[in-house]
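Heads up: the protein sequence lines correspond to chains A and B, in order. Position 83, counted from 1, in the first sequence is what our numbering calls 937; the numbers after and before it change by one each time, with no gaps. Position 2, counted from 1, in the second sequence is what our numbering calls -5; the numbers after and before it change by one each time, with no gaps.
Hints are all accurate, no fakes.
Listed below are several chain A residues computed to face chain B (Cβ distance under 10 Å; list not exhaustive): (1) E877; (2) R886; (3) E895; (4) W903; (5) I966; (6) L1020.
With a cut-off of at most 27 Å between alpha-carbon atoms, the simulated DSS-like pairs for lysine-lysine come out as follows: (7) A:K1018 - B:K7; (8) A:K935 - A:K1018; (9) A:K1006 - A:K935; (10) A:K989 - A:K1006; (11) B:K7 - A:K935; (12) B:K7 - A:K1006; (13) A:K989 - A:K935; (14) A:K1006 - A:K1018; (15) A:K1018 - A:K989; (16) A:K989 - B:K7.
By construction, these hints were calculated from the structure, which means they are not laboratory data. From the three backbone atoms N, C-alpha and C, an ideal C-beta is built for every residue, glycine too.
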Amino acid sequence: MDLLERFSAGDLEAFEALFRRFEGDVYQWILRVVRDRATAEELTVETFWRIYRARSRFDPARDFGPWCRRIATNVALGHLKSLRWQPAAPAKRRVEAPAAATEPPRDPDPRIEQAFRRLPVRLQLTATLALIEEKPYQEIADALGTSIGTVKSRVFRSIRLLRKYLRRLGIEP
Amino acid sequence: MKQTDDQRMRDLLKSAFPPLGDTEPSRELWPRVRRRVEGASLRLPWFDWALVALLPAWCVAFPKAVLFLLYQM
Chain A
855 MDLLERFSAG DLEAFEALFR RFEGDVYQWI LRVVRDRATA EELTVETFWR
905 IYRARSRFDP ARDFGPWCRR IATNVALGHL KSLRWQPAAP AKRRVEAPAA
955 ATEPPRDPDP RIEQAFRRLP VRLQLTATLA LIEEKPYQEI ADALGTSIGT
1005 VKSRVFRSIR LLRKYLRRLG IEP
Chain B
-6 MKQTDDQRMR DLLKSAFPPL GDTEPSRELW PRVRRRVEGA SLRLPWFDWA
44 LVALLPAWCV AFPKAVLFLL YQM
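Here chain A stands alone, though its shape is the one from the complex (with noise of 0.2 Å):
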């Protein structure tokens, strides 16, 4: 029986073979998404969790690692969803950029972020992957489980939206 099959069979010691070989891609994933180190690894767990508990549901015959990031981002969502009904809270640090940046650091303006939080979930997911991390609007399809058309349209209203809450906070986009 190969590894998908236990695992398939709830077997732990391939869940966990499989939880090293992918946890480094969903926390990056999730990462990406939410922006916050401390946050990410909170839903790496949730996401494994989820993953185990739908393990049945799972075909050995597939690919896991898509599957797999499926399942994270409907979690990473569902994070951007819960943040929407808590009240603003201050920014926190933000993961560092890396040493090798040449352009000195700058201080970002706030408001880009502010319009940027007010997009609807599903635009501010689809816009973080596709304009902030320039993923594949393949990628960005097969993680949201859409096809590429879904994902070029809501790039278009992401930035579309955007462009209209920016004027509204005085940047000219």
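Chain A is already provided as a structure; the job is to place chain B on it using the hints.
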């Protein structure tokens, strides 16, 4: 023109959300995942608890049902 506008938006967003680089979790996450998995396997689902609670009530309401229950066991 549209592409230039889109690129300007990308640059603006990137200035507000600087690149993250390749980072790893600051601590080992497997023990936490394992605790959740093991904790959940010890926990009974709510439906099982509801059945356990219903059983004595059913036996009191229909005493003859006890014989049926014993027969089924």
